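Novice: Protein chains in written order, with the numbering used here: chain G, 723 to 824; chain L, 6 to 155.
These are computed hints drawn from the structure, not numbers from a lab. Don't take every hint at face value.
[Stated by the list, open to error] DSSO-like, lysine-lysine: derived pairs with alpha carbons at most 27 Å apart: (1) K138/L / K789/G; (2) K52/L / K144/L; (3) K776/G / K61/L; (4) K776/G / K138/L; (5) K754/G / K772/G; (6) K754/G / K813/G; (7) K798/G / K759/G; (8) K804/G / K745/G; (9) K61/L / K39/L; (10) K772/G / K138/L; (11) K801/G / K88/L; (12) K88/L / K138/L; (13) K798/G / K147/L; (14) K776/G / K144/L; (15) K45/L / K754/G; (16) K789/G / K61/L; (17) K759/G / K61/L; (18) K741/G / K88/L; (19) K754/G / K798/G; (20) K772/G / K45/L; (21) K45/L / K98/L; (22) K144/L / K39/L; (23) K98/L / K798/G; (24) K144/L / K741/G; (25) K39/L / K745/G; (26) K45/L / K147/L; (27) K754/G / K147/L; (28) K61/L / K816/G; (29) K772/G / K88/L; (30) K754/G / K138/L; (31) K138/L / K39/L; (32) K61/L / K88/L; (33) K804/G / K754/G.
[Said to hold, decoys possible] Residues from chain L that keep clear of chain G, each with C-beta distances beyond 10 Å, as calculated: (34) D48; (35) D49; (36) P59; (37) V96; (38) P100; (39) T113; (40) D114.
Computed from a predicted model, the values in this text were never measured in an experiment. We put the CB at the ideal spot given by N, CA and C, even for glycine.
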Amino acid sequence: MADPMRVRAAENGGTVDVKILMKHDMESGQRKDASGKTIPAWFISTINVKANGKDVFNGQFGPAVSKDPFLNFKYKGAKGDKIVVTWNDSKGDKRTDEATAS
Amino acid sequence: MNQQRRSLMKYSAVFGLMASAGLISTAQAQEWNKAAFEGKGIDDVFKILGADSPDKSSAVTLNAPDIAENGAVVPVGITSTLKAEQMAILVEKNPSSLAAQFFIPAGTDSFVTTRIKMGQTSNVYGLVKADGKWLMTVKEVKVTLGGCGG
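Full structure from sequences and hints, please.
Specialist: Okay, structure coming up:
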């Protein structure tokens, strides 16, 4: 199982600012190992964020997103919103974490 | 009312089971756009996204550094004064141009920030789809140390 994400959500004036830091190698498929073999690509491909069960953000990543991807977006919401973040990677691994807007 | 609630519960139970059995996943609900992410040049990606030749617009702002010391971590953000439906970040000289694509539901601001890798100095494109039309903005980011090769 993949490492947990860090999810922070802060409400300010009716807008919730969500910051997500995912833990993932995001192997680009361009790098070579010591013996010169290409390391196959392995990256987070889709990410979904729900607040109180409703989609607030959907993203698709390519291998060109940095290692340990960071994501910041804002949506109209309120304190106490339950935020659920789920990502899927190119090997079919997935991870879900939750946070509460403060 | 009660009947409705019951059938809703039944449905969600079925969906829950299917999800746990791996029959439906969020990836399927929103399929990864393989063709777009494997598109080689920016024109390829524009075509796949259905953006043919997006107009440059001052309503789209790309927040990226002029010079990135480390190409492995380049902070890039897109904001727009329009109500964006979709956003995309493209790097012209990366092996695959499309770095990330975002879907912005109603109620979510036209604002996103992330970090991308850049192999070399290149133009970075910020695309926004608003009102069914793709708009873009371009900025050159100089990279002193590439982040794609090894």
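Novice: Taking the hints in turn, state whether each one holds.
Specialist: Status of the hints after comparison with the structure:
no.: 1; hint: K138/L / K789/G; in the structure: 32 Å, violated
no.: 2; hint: K52/L / K144/L; in the structure: 20 Å, holds
no.: 3; hint: K776/G / K61/L; in the structure: 33 Å, violated
no.: 4; hint: K776/G / K138/L; in the structure: 25 Å, holds
no.: 5; hint: K754/G / K772/G; in the structure: 37 Å, violated
no.: 6; hint: K754/G / K813/G; in the structure: 19 Å, holds
no.: 7; hint: K798/G / K759/G; in the structure: 47 Å, violated
no.: 8; hint: K804/G / K745/G; in the structure: 21 Å, holds
no.: 9; hint: K61/L / K39/L; in the structure: 26 Å, holds
no.: 10; hint: K772/G / K138/L; in the structure: 26 Å, holds
no.: 11; hint: K801/G / K88/L; in the structure: 24 Å, holds
no.: 12; hint: K88/L / K138/L; in the structure: 11 Å, holds
no.: 13; hint: K798/G / K147/L; in the structure: 35 Å, violated
no.: 14; hint: K776/G / K144/L; in the structure: 34 Å, violated
no.: 15; hint: K45/L / K754/G; in the structure: 20 Å, holds
no.: 16; hint: K789/G / K61/L; in the structure: 30 Å, violated
no.: 17; hint: K759/G / K61/L; in the structure: 41 Å, violated
no.: 18; hint: K741/G / K88/L; in the structure: 21 Å, holds
no.: 19; hint: K754/G / K798/G; in the structure: 44 Å, violated
no.: 20; hint: K772/G / K45/L; in the structure: 32 Å, violated
no.: 21; hint: K45/L / K98/L; in the structure: 9 Å, holds
no.: 22; hint: K144/L / K39/L; in the structure: 25 Å, holds
no.: 23; hint: K98/L / K798/G; in the structure: 36 Å, violated
no.: 24; hint: K144/L / K741/G; in the structure: 24 Å, holds
no.: 25; hint: K39/L / K745/G; in the structure: 22 Å, holds
no.: 26; hint: K45/L / K147/L; in the structure: 21 Å, holds
no.: 27; hint: K754/G / K147/L; in the structure: 24 Å, holds
no.: 28; hint: K61/L / K816/G; in the structure: 37 Å, violated
no.: 29; hint: K772/G / K88/L; in the structure: 19 Å, holds
no.: 30; hint: K754/G / K138/L; in the structure: 40 Å, violated
no.: 31; hint: K138/L / K39/L; in the structure: 22 Å, holds
no.: 32; hint: K61/L / K88/L; in the structure: 16 Å, holds
no.: 33; hint: K804/G / K754/G; in the structure: 41 Å, violated
no.: 34; hint: D48; in the structure: 17 Å, holds
no.: 35; hint: D49; in the structure: 13 Å, holds
no.: 36; hint: P59; in the structure: 18 Å, holds
no.: 37; hint: V96; in the structure: 6 Å, violated
no.: 38; hint: P100; in the structure: 6 Å, violated
no.: 39; hint: T113; in the structure: 4 Å, violated
no.: 40; hint: D114; in the structure: 4 Å, violated
Against the hints set out earlier in the document, violations occur for numbers 1, 3, 5, 7, 13, 14, 16, 17, 19, 20, 23, 28, 30, 33, 37, 38, 39 and 40.
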